[in-house]
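Visitor: One letter stands for each residue in the lines below.
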Amino acid sequence: DAGVTQSPTHLIKTRGQQVTLRCSPKSGHDTVSWYQQALGQGPQFIFQYYEEEERQRGNFPDRFSGHQFPNYSSELNVNALLLGDSALYLCASSPDTGGATQYFGPGTRLLVL
Amino acid sequence: AQSVAQPEDQVNVAEGNPLTVKCTYSVSGNPYLFWYVQYPNRGLQFLLKYITGDNLVKGSYGFEAEFNKSQTSFHLKKPSALVSDSALYFCAVRPDSGGYNKLIFGAGTRLAVHP
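Chains A and B supply the protein sequences, listed in that same order.
Per our numbering, residue 1 is the first one in the first sequence, and the count goes up by one each step.
Per our numbering, residue 114 is the first one in the second sequence, and the count goes up by one each step.
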């Protein structure tokens with residue numbers, strides 16, 4: 001059983017560009033959450049998707065948007081990239097049950113120049 | 114404000130000695146508590162969690178954690194450290210009320226186990 005997978009593993013963009021990151025959840029998981037981990041910091045919650053809807057959002061601007069597909073996979077889109085968007089972006093999946101453990105993918109490292 | 118504190122940036126311990134990585138939280142209600150480990154250039158790997166019940170929780174790779182409600186702490190422990198335990202450890206909390214599965218993380222503690 002494959003765990004959470006993310007693509008690409010690394011990405012380099014320039015300021016002002018747009019980027020799309022992808023995530024496939026663990027089998028049987030219907031909830032996907034996205035986190036941003038800046039260098040030397042803990043992950044920060046961006047948003048969570050369930051039943052193809054964003055149901056909770058952290059303190060991130062509207063430049064950050066997402067999507068969940070019927071097969072539960074998800075995309076994170078970031079528009080008008082800033083240097084400060086450089087980070088490791090982590091996807092986590094879980095079943096939609098109370099106290100369920102979130103399982104994380106390996107992350108996508110984004111560098112904005 | 115809801116927060117998680119890991120007061121030590123780094124913990125150094127000799128192989129074979131017991132280790133403790135500290136975590137305190139500030140969240141209302143009855144939160145769920147988690148520990149994750151991160152190896153270089155990798156995602157987060159789940160170690161253990163506390164939801165309810167026995168205050169001592171056992172997890173993967175011989176790790177355990179003790180929940181203390183009065184001190185709002187959830188310290189990670191291992192009786193005998195291994196060099197391979199060297200990594201970055203994160204404490205996380207899922208707020209009880211209406212938080213779905215959103216996790217709030219601490220800043221992380223780097224564990225260095227010396228031979």
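Because the hints were derived from the structure by calculation, they are not lab data.
Don't take every hint at face value.
To be verified - Computed spacing ranges between beta-carbons, pair by pair:
no., chain 1, residue 1, chain 2, residue 2, range
1, B, Glu179, A, Leu39, 26 to 36 angstroms
2, A, Arg55, B, Ser173, 24 to 34 angstroms
3, B, Leu169, A, Arg63, 40 to 50 angstroms
As the structure is a computational prediction, the values presented were derived from the model and not from experiment.
Yeah, the Cβ is synthetic: ideal placement off N, Cα and C, and Gly gets one too.
Visitor: All the hints need checking, so say for each whether the structure fits it.
Guide: Each hint tested on the structure:
1. Glu179/B x Leu39/A: 26 to 36 angstroms: Given range 26 to 36 angstroms: holds, Cβ gap about 31 angstroms.
2. Arg55/A x Ser173/B: 24 to 34 angstroms: holds, 29 angstroms
3. Leu169/B x Arg63/A: 40 to 50 angstroms: Since the Cβ atoms of Leu169/B and Arg63/A sit about 44 angstroms apart, the hinted range of 40 to 50 angstroms holds.
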